[in-house]
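2 protein chains.
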Amino acid sequence: MDSPDRPALAFRRATEADHARVVGVIADWWGLPGTESLWRLLPRLFFQHFANTSTIVDGADGALAGFLIGFRSQSAPEVAYIHFVGVRPDLRRSGLARTLYERFFEEMRASGCRRVDAITGPGNRRSQEFHAAMGFTATGDTTIDGVRAWRDYDGPGEHRVAFSRPL
Amino acid sequence: MDSPDRPALAFRRATEADHARVVGVIADWWGLPGTESLWRLLPRLFFQHFANTSTIVDGADGALAGFLIGFRSQSAPEVAYIHFVGVRPDLRRSGLARTLYERFFEEMRASGCRRVDAITGPGNRRSQEFHAAMGFTATGDTTIDGVRAWRDYDGPGEHRVAFSRPL
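Here the protein sequences line up with chains S and A, keeping their order.
If you read the first sequence in our numbering, its first letter stands for residue 5, the second for the next number, and so on.
If you read the second sequence in our numbering, its first letter stands for residue 5, the second for the next number, and so on.
The shape of chain S in the complex, shown without the other chains:
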């Protein structure tokens, strides 16, 4: 991972102590309208109970460089789910999100998962393009903001594009 383009990054498991740190960067890293309260989708429970399938990336400077919060489904154990992924804006296009996904795919495949799911908001074009490039198929039941999405997927007004990819 060490290269002139990408200073040394350290990948490790998430801990509960990372919760506040991750929550603290989300609005800044996303920087899209309406994402000021996006951190609410990431309560502490993910860092308590899915730490062993979630990854934190520390930069050489000690600052948070990226994270992936994901888990294996308990009621559909062939399915893995990526809940939240973030990369520090100055590290975008460095391949870090791809590396986080590929590491997660590998772990989940080794656990016996055959599919990985994720969701995003209809307005998050960057996420939609990334998931398409990573081999995910997007689904929806209607068109919202010009993209196929599931209306009220996560509750009233909470439309989502759903992604699936075989493992």
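One thing to keep in mind: the hints can contain errors.
[To be verified] Label-pair restraints from in silico Cβ distances: (1) A:P170 <-> S:R25: 24 to 34 Å; (2) A:D94 <-> S:D32: 12 to 22 Å; (3) S:R107 <-> A:M138: 34 to 44 Å; (4) A:D32 <-> S:G99: 44 to 54 Å; (5) S:E110 <-> A:T19: 29 to 39 Å.
[Unchecked claim] Example chain A residues on the side facing chain S (calculated, C-beta under 10 Å, incomplete): (6) R17; (7) A21; (8) T39; (9) S41; (10) Q52; (11) R76; (12) Y157.
[Said to hold, decoys possible] From the structure, some residues in chain S lie toward chain A, with a derived Cβ separation under 10 Å: (13) A24; (14) R48; (15) T57; (16) A80; (17) I123; (18) G159.
Honestly, the hints are just simulated from the structure, not real lab data.
C-beta atoms are modelled at their ideal positions from N, C-alpha and C, and glycine is treated no differently.
Since chain S is already given, all that's left is putting chain A on it; use the hints.
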């Protein structure tokens, strides 16, 4: 469960189709200030991935009577976590919440869990009294609204009382 005081209730596992139904009752069932958007803590993923440890209770009239959304921790497998529990207001004090908890305790104990955790808001006295009656110990690092709670537990301004109980 059939008695003059409590019409027949049917306990079953949660399904993804229950998500919209549960989300739709939360503001009405809670009815506390600031709980209008409490349903946002219950995204669809809980009904997709933790359906096999979550319970829906249907009333004799077909209407939702209660629910418990919980799971076994993946990174701390000796810990079970109750994320969200609701009982229809006209069924309160009938023992339904207690029954939901006791069924969950039994299942989690059989899975190998030794402890069950839950959280609530500092303002939710009803929940605090219920957890005390169910044998939970409450913790916090400060006093908020007159109760011990953890400041910013789930993010900025999201203080929580944490409960723990041996299984």
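Checked hints:
The hinted range of 24 to 34 Å is satisfied by A:P170 and S:R25, whose Cβ atoms lie roughly 31 Å apart. Judged by the Cβ atoms, the range 12 to 22 Å given for A:D94 and S:D32 is violated: they are separated by roughly 46 Å. Distance hint check for S:R107 and A:M138: the Cβ-Cβ separation is about 40 Å, which falls inside the suggested range of 34 to 44 Å. Our hint of 44 to 54 Å for A:D32 and S:G99 holds, since their Cβ atoms are close to 48 Å apart.
For the pair S:E110 and A:T19, the supplied restraint of 29 to 39 Å holds, since their beta-carbon distance comes to about 31 Å. Because the closest C-beta pair between A:R17 and chain S is about 8 Å apart, less than 10 Å, the hint holds. Evaluation of the A:A21 hint against chain S yields a violated restraint, the C-beta minimum of about 13 Å exceeding 10 Å. For A:T39, the suggested interface contact is broken, since its CB lies about 14 Å from the closest CB of chain S, more than 10 Å.
The criterion of a C-beta within 10 Å of any C-beta in chain S is met by A:S41, whose closest approach is roughly 9 Å, and the hint holds. Evaluation of the A:Q52 hint against chain S yields a held restraint, the C-beta minimum of about 7 Å falling below 10 Å. Taking 10 Å as the C-beta cut-off, the interface hint given for A:R76 holds, the closest approach to chain S being about 7 Å. For A:Y157, the shortest C-beta to C-beta distance to chain S is roughly 6 Å, which falls under 10 Å, so the interface hint holds.
A cut of 10 Å between beta carbons decides the hint on S:A24: the least distance to chain A is about 7 Å, and the hint holds. This hint holds: S:R48 has a C-beta 5 Å from the nearest C-beta of chain A, less than the 10 Å allowed. Hint status for S:T57: holds, given a least beta-carbon distance of 7 Å to chain A, under 10 Å. For S:A80, the suggested interface contact is upheld, since its CB lies about 7 Å from the closest CB of chain A, less than 10 Å.
The beta carbon of S:I123 is positioned within 10 Å of a beta carbon in chain A (closest approach about 8 Å), and the interface hint is therefore held. Interface hint status for S:G159: upheld, as the beta-carbon distance to the closest one in chain A is roughly 5 Å, under 10 Å.
Of the numbered hints listed earlier, those contradicted by the structure are 2, 7 and 8.
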